[in-house]
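Using the sequences plus the hints, can you model the full thing?
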Amino acid sequence: MITNRLIQTKANFGKIYELREANKIIGTTKIPINLRRQINVSIANKNFKLQFSIIKDALSRFDYTKNVRLLPFQLFNENNVWVGSLCERRTKWLFGYTFFELNYNDETYYFYAVGLGKKGLKIPMYDANDIQVGLIEKDNVSYDNKSTYTINTLNKHYQMLAFLFAVYYDNAYYSPNEVAYKSKEINYKYTINKELKSKYNPQFIEGRY
122 MITNRLIQTK
132 ANFGKIYELR
142 EANKIIGTTK
152 IPINLRRQIN
162 VSIANKNFKL
172 QFSIIKDALS
182 RFDYTKNVRL
192 LPFQLFNENN
202 VWVGSLCERR
212 TKWLFGYTFF
222 ELNYNDETYY
232 FYAVGLGKKG
242 LKIPMYDAND
252 IQVGLIEKDN
262 VSYDNKSTYT
272 INTLNKHYQM
282 LAFLFAVYYD
292 NAYYSPNEVA
302 YKSKEINYKY
312 TINKELKSKY
322 NPQFIEGRY
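Per this note's numbering, residue 122 is the first one in the sequence shown, and the count goes up by one each step.
No lab work stands behind these hints: they were computed from the structure.
Be aware that one or more of the hints could be misleading.
[Unchecked claim] Restraint ranges, calculated between C-beta atoms of paired labels, are given here:
id : residue 1 : residue 2 : range
1  : Tyr311    : Ala165    : 33 to 43 angstroms
2  : Lys131    : Asn250    : 35 to 45 angstroms
3  : Gly238    : Ser304    : 13 to 23 angstroms
4  : Ser304    : Phe216    : 31 to 41 angstroms
5  : Asn133    : Ala249    : 32 to 42 angstroms
[As the list claims (entries may be wrong)] Derived lysine-lysine pairs resembling DSS-like cross-links, with alpha carbons at most 30 angstroms apart:
id : residue 1 : residue 2
6  : Lys240    : Lys315
7  : Lys151    : Lys305
8  : Lys145    : Lys240
9  : Lys310    : Lys151
Remember, it's a predicted structure, so these values are computed and weren't measured experimentally.
By construction, the Cβ of each residue, glycine as well, lies at the ideal position given by its N, Cα and C atoms.
Put into structure tokens, the structure is as follows:
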């Protein structure tokens with residue numbers, strides 16, 4: 122099991138994240154002021170660009186089926202070659218739950234945000250065969266609008282993909298473009314849907330998956 126800390130070091134007028142392993146920075150993310158423009162990610166000598174799909178997002182607003190894809194981003198490598206995509210999906214338009222899909226080359230992964238109140242936000246990562254390969258945990262407390270996460274993955278490849286997803290997710294849901302100084306915010310998220318809650322396996326970190 123590989124454990125990393127994802128730490129947001131800048132929150133206002135452009136955002137910066139660092140992925141750390143044993144106090145060593147192994148990945149960075151730089152995001153312009155406008156979230157829906159571009160997210161630049163570097164990890165393991167690889168550079169990626171997540172580009173917001175404006176047209177696809179606009180069209181999704183009129184799609185009321187379970188196949189709708191919201192907040193769509195396209196993923197490009199350092200040579201500006203398309204290598205994948207990231208989006209929000211729903212099991213049903215009404216009375217279902219939200220999950221996320223990441224496509225990378227010929228691989229597909231799913232992320233499920235499960236709120237456990239004071240125990241924190243847990244985001245298990247599954248492969249296309251419904252096997253859990255990672256777990257992202259968000260700290261409940263943030264200072265000056267800066268988020269922190271713990272990322273647990275089975276190998277370096279999953280680590281890279283979990284890192285890509287985490288910065289996408291945080292910017293979509295938890296990182297406002299607001300100035301904050303010496304502020305503290307506690308955020309509890311609660312998940313009620315039983316099927317969604319079942320995606321979280323507390324024994325994953327112990328190696329029982």
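> Can you name, in rising order, the numbers of the hints this structure does not satisfy?
Replying inline: Checked against the structure, no hint fails, so every one of them is satisfied.
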